[in-house]
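Visitor: So the chains spell out like this:
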Amino acid sequence: MLKLDEIQKRLLKEVADLHKVPEGAYNIRSNGTSAGRVSTENIEITPREDGQGLTIRIKPGTKNESVHIPVVMTQTGLKEVVYNDFYIGEDADVTIVAGCGIDNCGSQDSEHDGIHRFYVGKNAHIRYVEKHYGSGTGSGKRILNPGTEVYQEEGSSVEMEMVQIKGVDDTNRSTTAELAAGAKLVVRERLMTHGDQKAYSTYVVNLNGEGASADVVSRSVARDDSYQKFDAKLVGNAACSGHTECDSIIMDSGKILAVPALEANDLDAALVHEAAIGKIAGDQIIKLMTLGLTEAEAEEQIINGFLK
Amino acid sequence: MLELQNVSFQVDTEGQDKEIIRDISLSIPDDKLVVITGPNGGGKSTLARLIAGIEKPTSGKILFNGEDITDMSITERAKKGIGFAFQQPVKFKGIQVFDLIRLATGKNISIANACNYLSEVGLCARDYINREVNSSLSGGELKRIEIATVLAKASKLSVFDEPEAGIDLWSFQNLIEVFQRMRKNIKDSSILIISHQERILNIADEIIVIRDGNVVKRGTRDEVLPELMGTTSAVPACKTIEKVMGGEKDA
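As you go down the protein sequences, you meet chains A and B in turn. The first sequence: position 200 = 200 (this note's numbering), numbered continuously. Every number in this note's numbering is 308 more than the matching position in the second sequence, counting from 1.
Just so you know, these hints were derived from the structure itself, not from any lab. Being a predicted model, the structure only gives us computed values, none of them experimental. Glycine residues also receive a C-beta, built at the ideal position from the N, C-alpha and C atoms. Check the hints yourself; a few may be wrong.
[Stated by the list, open to error] Which chain B residues face chain A? A few, computed with CB under 10 Å, are given here:
#, residue
1, A360
2, A386
3, V398
4, G402
5, I403
6, D407
7, A412
8, I437
9, V458
Isolated chain A, as found in the complex (with noise of 0.2 Å):
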C-alpha cells in the first residue's frame, strides 16, 4: 500500500521520524494525494469532500494514542493548500505529529501551505509536533506557509513544538490561539535560516477565561544573510497569566527582529515578555576551544545546544 521513494523516506525520517509505517492512526501525503491513511478504533481520519485536507475527529477519553499526517514533496513547481481540522474529544490524551518536508531538485517552486485547526475539547491534552525541512539543489525555492488556530474550552491543554532547522527557503506561520477558563497553552518554536531565507512567525494568543496561561518561547538562530521576524502578541482578557519569550542568536549577516507584544484588557491579566537577541557570547566559544574543540566545532555545539 505505502510506495514511497528513497527520498520520500528521507524526508520522512526528517519531519516525522518515520522510518516505516507509525503505529496508531496517520495519514501520509505524497506529492498532492494520500499515499496511505489508517483510522483507528478511536481516531478517525476522512478525507474532506475537496480533497484538500483531512477531518480528523480524536473519541472522547482516548488516551495514549498518536496521529502522524505527514507530508513528502518531490515534484517541482507544486503548490497546494491543505486544510487539517482535528476535533479533539473531552478527556483525550493524545500525540499529534505532523510535518512537512520538501525536497526540490527543480527550477519553479514548491510551496506547501498547511492550515491545522485543532478544537480541543475540555479538560483534553494534545502534545502536537510539527517539523519542516527542505532539500534538494534545484534553484526553485521550497516554501512553507503552515497556519495553525487553537480552539482550547475550559481546562484544556496543549503543548506545541515547532521546529524549522534546514532547507526552507521562505516561511510565513501564523499561529491564533484562543483560550477558555483554565486552559493552557505551551509553545516551543526552534528556528534556524541560512543563506538568504526568510521566516516570518506570527502568535497571537488571546487568554479570555479566568486562570488561562500560555507561554510562548521561540529560540532561533539566523546565519548568512537571512532574515527572521518573530511577532508574539498575548491577549489578556481575564484574570489569566503569559509569558513570551524570543531568545535569537544571530551569525554572519542575519538579521532578527523580535516584535513582542502585550496586550491586557483587564486587571488581573498578569503577562511578561522577554526578548534577547546577539552573537554568540566569546566566552563559551573560549570555554569549549580549551576542551580541544576548533571555533567552528565550538559554535556547532553552542548551536545545537540552543536550538535542542
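Could you slot chain B onto chain A? The hints should help.
Guide: Only chain B this time, still in chain A's reference frame:
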C-alpha cells in the same frame, strides 16, 4: 613541563600602555602541584590566561614540553594537553552538564562514566547530569561542574584560576580533597592553581608569589608559606593597626 621565557603582557587603557605582566620567566615542572598567589590585580589570572592561550603575550616565549606554543591557538594548546578551569564558569543555553563532560573527554562516553566526574567534585551525579549549564545552577554548582570538565579532560597541565572563588565553606573541604587526589595521581603531569587560600597553599609543592606583574618570591611550600603567613605582610600590618589603635587610645 611548562616554561615561560621573558613573558610580558601589555594592554592599552585609555591610550596608555599598561604592563600587566613584566618580563616573567618561570617553569612548572612535571609531577608538581604549583600554586601562584599574590595580591589582587597583580597579574595572576592574566598569567593563567596567557598559558591557556586566551591572551597572547606582547613579548616572550611559552614552551610546553620543549615545544614553542607561543603562537598556538587555545584549541591547539588544549590538544597538546593544557586544561583550564575558569574563575567565572561560562554559562550556556541548552548545553547540558553531560554534553560538556563528554566534549571534555573528547570521546563518546557513557552517562555512567560522565557521572563519575561529577561524583568526584561532590555533586550527586543523578541530579545534575541532565541539567543545563545555565543560571538555574548556583555559583558553587557551576564552579564544581567547571572543575569536573577539567578533570574529565585529563590534561598534562591543568590550570585552575581561583577554584575557591564562589565555593561555600562546606564544598571547600571537598575541593581540597579533589586537588589532593589529583596530586596523588599526578605522575607525568602537573597542576597549576591560582589561589589566595591558605589551605590550597598548604597542599602545594611549590609556591610562586606574583605582585605588580613580577615574580617576587618562588620556592617550596616550606620556604615560602611561613613568610607569607607571618612576617612579610601580616605582621607589619598588625603592628600598624596596633599603633593606630594605641594612638587613638592615648588621645
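Visitor: With reference to the structure, classify each hint as holding or not holding.
Guide: Now for the hints, and whether the structure bears them out:
Hint on A360 of chain B holds. Least Cβ distance to chain A is approximately 6 Å, under the 10 Å limit. Because the closest C-beta pair between A386 of chain B and chain A is about 4 Å apart, less than 10 Å, the hint holds. The beta carbon of V398 of chain B is positioned within 10 Å of a beta carbon in chain A (closest approach about 4 Å), and the interface hint is therefore held. Given hint, G402 of chain B at the interface with chain A, holds; its Cβ is 4 Å from that chain's nearest Cβ, closer than 10 Å.
Satisfaction of the interface hint for I403 of chain B is found here, the shortest Cβ-Cβ separation to chain A being roughly 4 Å, below the 10 Å cut-off. Checking D407 of chain B against chain A: minimum C-beta separation of about 6 Å stays under 10 Å; hint holds. The closest approach between the C-beta of A412 of chain B and any C-beta of chain A is roughly 5 Å, which is under the 10 Å cut-off, so the hint is satisfied. Among the interface hints, the one on I437 of chain B is violated; its C-beta lies about 15 Å from the nearest C-beta in chain A, farther than the 10 Å criterion.
Because the smallest distance between the Cβ of V458 of chain B and any Cβ of chain A comes to about 9 Å, under 10 Å, the interface hint for this residue holds.
Hint 8 alone, counting from the list given before, is not met by this structure.
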